[in-house]
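Participant: Sequence:
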Amino acid sequence: MGQSYSKTQERQTEDQKQIAAQLAAVERVRSELKQKKSAKLVNLSSSQLLQYRELEQRVVALKSELSEAESHTAQQEKEKQALEHRHSALLKVLPAGVVVLDGKGIIREYNPAAVELLGEPLEGERWFDVIKRCFAPKHDDGHEVSLKDGRKLGIQTRSLKSGDGQLILLNDLTETRALQAQVSRTERLSSLGRMVASLAHQIRTPLSTAMLYAGHLRRPKMNEEMRIECAEKLLSRLTHLEHQIRDMLVFAKGETRLAEQVSMQAFFESLQTAAKPLLDKHMVSSTWSNASQGQILCNQETLVGACINLINNSIEAHESSDARRQLEINIDSFDADGRFACIQINDNGPGIPNTIARQIHEPFFTTKSQGTGLGLAVVEAVVKAHKGKFSLRSTDSGAQATILIPLFKPEQNILNPAMAREVTK
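At position 10 of the sequence shown (counting the first as 1) the number is 10 in this note's numbering, and the numbers step up by one without a gap.
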C-alpha cells in the first residue's frame, strides 16, 4: 500500500513539474507579446492578436490544472497522515507485541506490548541480543517459548515485502495455557473415580493369573517345558499389566513433554520395530509406506505407543471376522505446503458400527469384555499434547485412523541461534 501510494505521488509530482514548465514558457511568450503590444500595438496583425488571446487562455487553463493538481496532492497527503496516525494508534493498543527488524537484524520499530513482554531497551538493539537477554527456552516448550520470568510466548515471523527485514509477532499465551491446564485437570479429576474402579477391575484378573503362574514356577518337580510355558504366560500377564498402568498414567497426567526432534524416517523405523512383535504374534500381514522427509517435535515413546494402541485395535476388530487380517500403515506429509505429517492406519475389519460411532471417543467406553476403554482416549490425549489432530472413520473396506502431527522446521524458529545469527549479520 505504501509503495503504491509513493509511486502515485511521484507521478503526480512529475505532472505538476510539467504543467509548471509549460506555464513558465507561456508566461515568457505572453510577456514578450505584452512588450511588443505596448510598444507597437498598432503594428500587430490580426493573427498575432489571435495568438496572444490563445496564449492567455492557455495560461488560465494551465493555472487551473496546476491548482487542481496541488489540491489533489494536498488531500492525498492529508489522507496519508491520517492513515499513518491510525496505524500508529492501532499499533499502540494492539495486545500482541510487534517488533520490526531491518535487514541486519536491528530493532527499528516496536509497540508498548513488546516493551511489556521484553523490557527495555529495544530500539537499536540486535534481536539476537534480546533473545539472549529475555528468553530461557525449556525442553518442554514445544511450539512455544519461555521467557526468563516464566511466561510462555507464541512467536510468528514474516519477511517484509521489500525483502529487507522481518516482522515479529509476540503473543503471551501464559494465561491461555494455564486455563487449558485447569480445564483439563478438572476433566481428569471428574474421571478419577471411574478410572480407579476400572483400574481395580482390570488389574485384578491379570494379577491373579500372574500369581497363579508364579505359584506353578515354585513347584520343584515341574519339567523344563512346563516351566518355560508358565514363565512366558507370567511375562505376558505382567506386560499386559504394565500396558494398562501406562495407559492410565498417560490419561491421568494429560500432558506430554515434547523434548525430541525426530525425523519422520526415524519415527517410521521405530514404529515398525515396535509393531513387528504384535503383528507377528497375530499373524497379521501389513504394508508400510513412508514418503515424508520432515521432522516432528515429539515424545517418541508416547507417540509410538499411541500408534500401537491403534494397531492393536485394528487387530482385535478382526477377532470376530473371518476375513484375512490385512493392515495398511502409511506415514506421509499431509498437504501441499508440508505443514503436517500424516500417520494413517487402515484395516479391512468390520468398521465402526453407527450405534457406537459417537461413544468410542468417550473415556472408559469399551465393547470388550476385558478392557479399560482408555485406548482411544489415550491416543487423543497424546495427539492433543503434540498439537495435532486425530480422526477415526469407517471406510468401504474397514476402518481408518488418522493422526496429524505438525512438522517442525528449525529454520523457521526465530529463537534458533543459526537463524538469529543470519538476521544479525
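None of these hints come from the bench; they were simulated from the model.
Please note that a few of the clues may not be correct.
[As the list claims (entries may be wrong)] Taking lysine-lysine pairs in the DSSO-like style, the calculated list, with each CA pair at most 30 angstroms apart, reads:
#, residue 1, residue 2
1, K389, K409
2, K80, K63
3, K161, K384
4, K78, K276
5, K138, K387
6, K161, K233
7, K387, K221
8, K161, K92
9, K63, K104
10, K80, K132
11, K104, K132
12, K138, K152
13, K233, K221
14, K92, K78
15, K63, K92
16, K152, K387
All values reported here derive from a predicted model rather than from experimental measurement.
Participant: Can you confirm whether the C-alpha distance between K389 and K409 stays at or below 30 angstroms?
Facilitator: Given that 30 angstroms is the threshold and the Cα spacing comes to 19 angstroms, the pair holds.
Participant: Take the C-alpha atoms of K387 and K221, compute the straight-line distance between them, and say whether it is at most 30 angstroms.
Facilitator: Answer violated: K387 to K221 is near 56 angstroms, above 30 angstroms.
Participant: Within 30 angstroms, alpha carbon to alpha carbon, are K78 and K276?
Facilitator: Distance of about 72 angstroms is beyond 30 angstroms: violated.
Participant: Taking only the CA atoms, is the gap from K161 to K233 under or equal to 30 angstroms?
Facilitator: violated, 66 angstroms
Participant: Run the distance test for K63 versus K104: straight-line Cα separation, threshold 30 angstroms.
Facilitator: Violated - the C-alpha atoms of K104 and K63 are around 48 angstroms apart, more than 30 angstroms.
Participant: Regarding the pair K138 and K387, is the alpha-carbon distance no greater than 30 angstroms?
Facilitator: Status holds; Cα separation ~17 angstroms.
Participant: Below or equal to 30 angstroms on CA atoms is what counts here, so check K80 against K63.
Facilitator: holds, 26 angstroms
Participant: Please work out if K161 and K92 have their alpha carbons no farther apart than 30 angstroms.
Facilitator: holds, 22 angstroms
Participant: For K80 and K132, compute the direct alpha-carbon distance and say whether it is at most 30 angstroms.
Facilitator: violated, 38 angstroms
Participant: Next pair to validate is K233 with K221; report whether the Cα-Cα distance is within 30 angstroms.
Facilitator: holds, 19 angstroms
Participant: Given the hinted pair K138 and K152, is their alpha-carbon gap at most 30 angstroms?
Facilitator: Answer holds: K138 to K152 is near 10 angstroms, not above 30 angstroms.
Participant: Hint check: K104 vs K132, CA-CA at most 30 angstroms. Holds or violated?
Facilitator: holds, 17 angstroms
The structure fails hints 3, 4, 6, 7, 9, 10 and 15 (numbered hints given earlier, in ascending order).
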